[in-house]
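Student: Given next are the chains, with one letter for each unit.
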Amino acid sequence: MFDIDVLLPDFLSILDAVPVTLAMALTIFIFSTLVGGLFALIEYRKIPVLRELVVAYKIAFKGIPMVVMIFLAYYGLPPALHFIASLFGVSYNAHSLPNWTIVIVALTACVAAFQAEVIKGALNSFDTGQSDAAHSLGYKNSQLFRRVMFPQVIIAAIPDLANSFMVIMKALSLAFAIEVVDIFAQAQLTAALNYYYLEAFLVAVVFYMVIAYVVTKIADKLEARLRIRT
Amino acid sequence: MELSSMIPELLSALPLTLAIMFVALVAGFVLAIMATVLRVRRIPVLSQLADLYVSYARSVPVVLQLFVAFYGLPVVVGLFGMKDFITPTLASMVGLSLYHGGYLSEVIRPAYLAVERGQHDAADSLGYTFRQKITRIAGPQALHIGLPGYGNAVIYMIHNVALVMYIGAADVMATAHLIMERSYNQYQFGTYLVLGVIYSMLCLISWLIIRFFELRFARYHSKTAPAKIKLTASI
Chain B
1 MFDIDVLLPD FLSILDAVPV TLAMALTIFI FSTLVGGLFA LIEYRKIPVL RELVVAYKIA
61 FKGIPMVVMI FLAYYGLPPA LHFIASLFGV SYNAHSLPNW TIVIVALTAC VAAFQAEVIK
121 GALNSFDTGQ SDAAHSLGYK NSQLFRRVMF PQVIIAAIPD LANSFMVIMK ALSLAFAIEV
181 VDIFAQAQLT AALNYYYLEA FLVAVVFYMV IAYVVTKIAD KLEARLRIRT
Chain X
1 MELSSMIPEL LSALPLTLAI MFVALVAGFV LAIMATVLRV RRIPVLSQLA DLYVSYARSV
61 PVVLQLFVAF YGLPVVVGLF GMKDFITPTL ASMVGLSLYH GGYLSEVIRP AYLAVERGQH
121 DAADSLGYTF RQKITRIAGP QALHIGLPGY GNAVIYMIHN VALVMYIGAA DVMATAHLIM
181 ERSYNQYQFG TYLVLGVIYS MLCLISWLII RFFELRFARY HSKTAPAKIK LTASI
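Residue numbers (UniProt numbering), protein chains in the order written: chain B, 1 to 230; chain X, 1 to 235.
Calculated from the structure, these hints are not laboratory results. This list has only true hints and no planted wrong ones.
Where chain X lies over chain B, by a calculated footprint (3+ residues, C-beta under 8 Å):
hint	stretch
1	53-65
2	71-80
3	203-214
Every value quoted in this text rests on a predicted model; they were computed, and no experiment measured them. In this text, a Cβ means the ideal position worked out from N, Cα and C, and glycines have one as well.
Same shape as in the complex, but just chain X (with noise of 0.2 Å):
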């Protein structure tokens, strides 16, 4: 097995797998400030709805949500009477997206309620609107509180891309399946042990980056909100 031939190999296929990556972080954003809105304010039959979404994208494994999109989006596309245009990438954008919008949602809402009741109260008599009181006061301080949960969803968004090989999008895992199968199957350790440096890489990569943003926003930090929320796995 020749690293200098394989890694130039496996990386070229690292633009799909960021592409992919960066699409569900962006629609997942928006996706998870959409569903906190809702559960928050507690609008009638929505929020149930958002509390439907949030908990199937919390409790049923990616691999299955990924599958869920694969074949079920021909049927959503369907329904509108249009033809089927999904690619294995596409599905895999729109199942991390969907995956990625409700755990998010589940750091999002932890931080914006850590946020003081008095801070709430304050703006509130104050006469401030809702968008206001967001983007003024609890949204900073609460931007400083989710951070770290934040870098825990990127962490395992990184970790989760590594599945779309299962519905077929030719990301990193699946070129390194051709790689083994040309050399016969020789070298499947190494070769996933070179698998397992990149993925670190690209994690620490994105923890030094949220890194970064904690310490920049270490300045709205509130001495009675709680310092830390639960970081939690997800798989």
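In isolation and in its complexed conformation, chain B is listed as follows (with noise of 0.2 Å):
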């Protein structure tokens, strides 16, 4: 019922799929970290319109779960593009498009609503005593931004970011509706070959726990590392 000498060929098959899975998810965790920079930079500085945008923006992507955000970006994406492309006149054919690029785009939307709460937090957080000293010693709101917000926000913000890059990673996993191999449908691939199902999940249950557990290690270190004492 349970045969433990499938567990390392199971092992080294899974592991294939392991450098691409973190390449896409660390792809999505820059795209999404920018987008959702820039819509809490919005929040944070309440510019009267994009502002009510972007919480309508963040509702509808709060409110749908990730799959049906997946499937609607797959059946919804290439004629939306094609369509762009012949407004400008431009023939090009978007359902050649790549999976792939198809889910790093639907989970970068996704991620990003909650990549802006992240920043917003980090951004909440700051001390508005340092901006007013930055501005009496003369520095230009650019200056201020990056010499004395960027540096101390970003170390806020490092265990949260640690955490939505282990929710990127596990939303990948619903990637496999579109026939995009990561660590859990590789498990599903290799448990096809051989019929030893739980045996796989198994060995990607280890895998996805031993990430977790690297990325919350390497989170702690560098936060410990880069944090100002006061």
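Quick one: dock chain against chain with the hints and give me the complex.
Tutor: The structure is reproduced here in structure tokens:
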């Protein structure tokens, strides 16, 4: 019923998918942090119309499950791109878009809503006395952001950002629905070859737990090293 | 695509989805309380096991947890010498309960620890037992601190119920796939859009319910405790 012998081959087979998964997760992480940061800045600066749009965006993307979002992107993105391309008179066959780009776009859009929240929290933790001090020293807004605010805010956000990275890793497991192979999908494919389902899935569980452990440890180390002691 | 025929058909699968969700919410809550008590009281081996369980529930994707439950439960049942009676619905209930319990434990524990140290000390010095301390002093305050986190957990539960289709439970998503296949996959985008609206509505309703309780428990608000605990996403 439970075969120990298949664990090693399964392990090696699933290991193949780890670099791809990490690379996709990192890409999504970078893009979603940039977009989320933009959203957070809009809310922090209270820019009139854009702010309401950001709130609406966040509500929409938090209410709809990510599976549904991935499917919506899968069926909606190519026609939309096709339409935009035809508006500019470019002939482009958007249906040849590889699936992994669709996953990256869909998950970036979803995770950006969470990242906006994380970065907004970090921005709100920033002590406004420091910005007053910087202004009184004659710093420009851009200088204030680059030299005073950013270094502190990014450190305050490290634990949450590490958590977001794990959320992305886990969300990539939904990509198997549109045939993008990550750790989970690889486990499924491996199991489909030798019919030892439970074994393959348990190996995948170990992979995810180890990755989560390593990510948390790295984040802790990074935070401890970078935090300015006051 | 006729919305008037599609929506009733989708909603006809809603009771099963809600039943799975309800069982998982209740069982998950019990599991979360047990795991939290074990982790807070630091009992040698049991606490480490509870830690391991919580990190399993939090770091493994929910789809994978569902598959582990689906393929693992028959093995567990077999160990007890029983006949395999695990259906996809039962497996998804168990899988989601385990997931929800672990996630919720990480909401309840910070809420419990956020209750000011002095309150714990005062209760201890007055000779309250652990149970009395929980029910009369730490509990109500932790409830107030933890409610937003609980609301978050319920919303992710709604999101994750959409995944039980993959182990073969006939929920709303599975019904949507049936509908799409019947119309030769012409209206996938529209169908998923309707699904999105249905799930958003569920989230909205549960959010309103939690919000109602949040306002009711506002009287337990403590000025010294941190007003908010972190809300984290979970898939």
